[in-house]
Amino acid sequence: MPAAEATGNLTLRPWSIVTKIVYDKDSQKATGVEILDAETNETIVYDSKIVFLCASSLNSSAILMRSATEIWPEGLGSSSGELGHNVMDHHFRLGANGTMEGYEDKYYFGRRPGGFYVPRYRNLGDEKRDYVRGFGYQGGASRSGWSRTVAELDFGAPLKAELTEPGPWSLGMTAFGEILPYHENTAKLSKTEKDKWGMYVLVMDAEIKENEKKMRVDMMNDAAEMLEAAGVKNVTTYDNGYTFGQGIHEMGTARMGRDPKSSVLNGNNQVWDAKNVFVTDGASMTSTAAQNPSLTYMAMTARAAAFAVDELKKGNL
Amino acid sequence: MNRREALKSVVLMMGGTMVGANVILTGCTPEYRIEGLDFTEKDLAFMDEIGEAIIPTTDTPGAKATGIGMFMAMMVKETYDKEQQETFIAGLNSLHADFKSDTGNEFMKVSVEERTAYLNKLNQKAKAEFSEGDKVPSYVNMFKDLTILGYFTSEIGATQALRYIETPGKYDPCLEYKKGDRAWAL
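Protein chains in written order, with the working numbering: chain A, 97 to 413; chain B, 855 to 1040.
The shape of chain B in the complex, shown without the other chains (with noise of 0.2 Å):
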């Protein structure tokens, strides 16, 4: 099975609520979507440590090794429009200055766990924001959206955290579980 009809398949399982949704089942572009946008290698190093941070390295590679950066900046091209798009963009500047006044340092400097650290607060505060009633979903969720279905559906990801069998062949409907047992990819 390749990538593109597992994300199809991954999307239709979330309801077709996530960003981009509409475009990945239709495969029809957005109506307007920004002209020429594009991010830089600078860019694409930052977009690989937030997903890093989100899905770090343990005893499996996390989401840098899968080239998450590139993931993002594909997906916010071809299937975010322009409203989304803005987000996402307004929210790596956020993220980029923001950090800077919180913390007096600069984002890609600190450690894997700092930057954890700052998106988890972030995160707790969006999540606060959203329930009071501001339904937008912001730029915090969409790194976390876009980093889990990027991970997920690469290669490290569905190999090495999850198991990756294509064809099962037979089929056992009361398999033993035991915690830790990782899910299956397909």
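In isolation and in its complexed conformation, chain A is listed as follows (with noise of 0.2 Å):
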């Protein structure tokens, strides 16, 4: 944001509710898009020569859903039959924990800005688990504090010295894992319900299946077999169980690819059926590996921002 500022030609302008990308069938391109000002209620179009589509995955899916629609009813970028499907996360909430023994003559000052990473190992090479792609872990070790439970120790005195100390260490480690595109996950618009200013709410409807379940068992049991074998004491799994959505890297809906009757976006992100619309956010990806994916995110956007600039100044665009 600083540099975008620096160059003179940054507006950032908030409580603006986009509402669709304005395209024109004979150009084959956006014009613009419209937005509703959420304090005025007033309705603004502006002009652009391109347009960047980065409102968060299912959003900007919901805009191109909104969009066009007197050519395509689905949206923009439905004629793929691909809008609004393959809509995936990364699943987690399971793992294992233990304790260490010794070190009691270190501590730690501060607070650690990361963990350790164990990225992904199964099903690489020759493997072949009983189900496909894979996962990694975060971890992290720390000495455990006042709300250890000490129940062998008596109130009073005894019980407020041992808790004024770090007890012992503990180590741990949490899986996440690759949600495959499945064209029945879907985040499309309601046919009946709106929001307050008038729009169609999206309504998802997503599952993780067979491949994702069979994933767990070797996310939650690798993961004690490693801390076992690092010679970690007392170690417990656990599973707390996966809602779609928890892992917040929603991800799909608009995904790309190299046939526009399989996908919305080409390799450029672009927009087949709208060449000057870019999506570069978690709606593009068409798979999701076990990563974080923001900064993939990010290095799109700038390549596909440098890709828009040239296709400007060729002409093509």
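Keep in mind that the hints were calculated from the coordinates and are not lab data.
Misleading hints may appear alongside valid ones.
Keeping only pairs whose Cα atoms sit at most 30 Å apart, straight-line, the calculated BS3-like set for lysine-lysine is [said to hold, decoys possible]:
| hint | chain 1 | residue 1 | chain 2 | residue 2 |
| --- | --- | --- | --- | --- |
| 1 | B | 1032 | A | 329 |
| 2 | B | 954 | B | 931 |
| 3 | A | 202 | B | 1024 |
| 4 | B | 936 | A | 202 |
| 5 | A | 121 | A | 309 |
| 6 | A | 371 | A | 305 |
| 7 | B | 963 | B | 1024 |
| 8 | B | 896 | B | 963 |
| 9 | A | 202 | A | 329 |
| 10 | A | 287 | A | 310 |
| 11 | A | 309 | A | 329 |
| 12 | A | 329 | B | 981 |
| 13 | B | 896 | B | 931 |
| 14 | A | 202 | B | 1033 |
| 15 | A | 329 | B | 1033 |
| 16 | B | 1032 | B | 979 |
| 17 | A | 357 | A | 287 |
| 18 | A | 409 | A | 145 |
Stretches of chain A that chain B covers, calculated by requiring three or more beta carbons in the stretch to come under 8 Å of a beta carbon on chain B [stated by the list, open to error]:
| hint | segment |
| --- | --- |
| 19 | 203 to 217 |
| 20 | 245 to 255 |
Every residue, glycine too, gets a C-beta built ideally from N, C-alpha and C.
From these two lone chains plus the hints, build me the complex, please.
So this is what it looks like as structure tokens:
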């Protein structure tokens, strides 16, 4: 943002609800963006040569679904039949932890900004588990605090003395796994329910399926195995279940691809049906892998922006 | 970091198993609570002393100095459901009555050490009952949980019993530690 501001070309307009991308049938391009001012209720159209949709995965697709509906009833990009489909996330909330004996003469100062990361190792090379793709782990270690159970201690001074000191070290790791793209996992506009601004809301219909469930068995057990091999004691596993969307790494619904019949965007993140509209947030993802995705969105955005500028200069857009 | 946030992160650390955890984490009041539950000055004084017997004054102030009675009252009113509230109140009454019948004295009139000893006896009994099958948290556990939680998130507990540094700035992953060094409050 500071870099953009420094160009002198940045206008940031808050309280602006994008209602649709304005599309011109004859040129097959977007001519701009229509907004509803949330404070004044005014409708305003901003003209533009290029539109970058980075409204956050589901919202980017929702905007597409509300655009060019006089040509495609299901929205701009729906000609592929994939707009609003293949909604994905990362499933997680399971892993293992335990206690580490020793190291009582070590502590730490301050707050660690990150933990350790174990990248995906399953289904690589010749390995074939009973599921495809894989997962990674995030983990950390710490000394327990005063909230630890010290059931064996008596009330009074002994209890107080014990809890004013740090407890034993514990180590834990928690897994994040890939969710495959399933056509039937959807996020589409309701045909009946509107929000307070009169826009149809999104309805999610998605669940994890057999592949993810089988993967979760390894996600939990592998963690315990690794901790035990590292000498961690009292290892326990946990699986707190997963509800679609809890990962807040939602992706898909306007995926990239090589064929306009099975994808919404081409390899440059351009909407096949409107080459000057780019979608570079999570909506564009075709698969999720297991890593946190935002840096990938940023990289794709930088790449697509450079491409867009290049195309503009060549007169292609 | 304010106390509410500290409470939330503690509850998460405890795996949300503490009584009232659900309410603290979601901010949703329990569906069924006792109407108009309140504690008198006498009740609060009693609860102050229960807390003090669990975490007494040593070289640093104990739970009573932190107003532990009011903390317990607030937690029981705001985060316990009806059944838990009933257990707690019945517990207060049992403690009062049983102490008198077992020792011949009033809880509020004896020394802190005597109260602590009595609560320890009750605690041993409750642990034995718990492991024998009655998996309901006893009122002794409630007193203990509330005292520990209230004490270590109070200003006295966090700054005197523990070491309180709100914005440490740097991170040192490998600090030498010797027995007796106090833990970080946050």
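For each hint, the structure was consulted:
no., hint, verdict
1, 1032(B) to 329(A), "holds (23 Å)"
2, 954(B) to 931(B), "holds (27 Å)"
3, 202(A) to 1024(B), "holds (17 Å)"
4, 936(B) to 202(A), "violated (44 Å)"
5, 121(A) to 309(A), "violated (45 Å)"
6, 371(A) to 305(A), "violated (35 Å)"
7, 963(B) to 1024(B), "violated (50 Å)"
8, 896(B) to 963(B), "holds (13 Å)"
9, 202(A) to 329(A), "holds (18 Å)"
10, 287(A) to 310(A), "violated (35 Å)"
11, 309(A) to 329(A), "holds (27 Å)"
12, 329(A) to 981(B), "holds (24 Å)"
13, 896(B) to 931(B), "holds (17 Å)"
14, 202(A) to 1033(B), "holds (10 Å)"
15, 329(A) to 1033(B), "holds (22 Å)"
16, 1032(B) to 979(B), "violated (35 Å)"
17, 357(A) to 287(A), "holds (25 Å)"
18, 409(A) to 145(A), "holds (12 Å)"
19, 203 to 217, "holds (count 7)"
20, 245 to 255, "holds (count 6)"
Hint violations for this structure: numbers 4, 5, 6, 7, 10, 16, all remaining hints satisfied.
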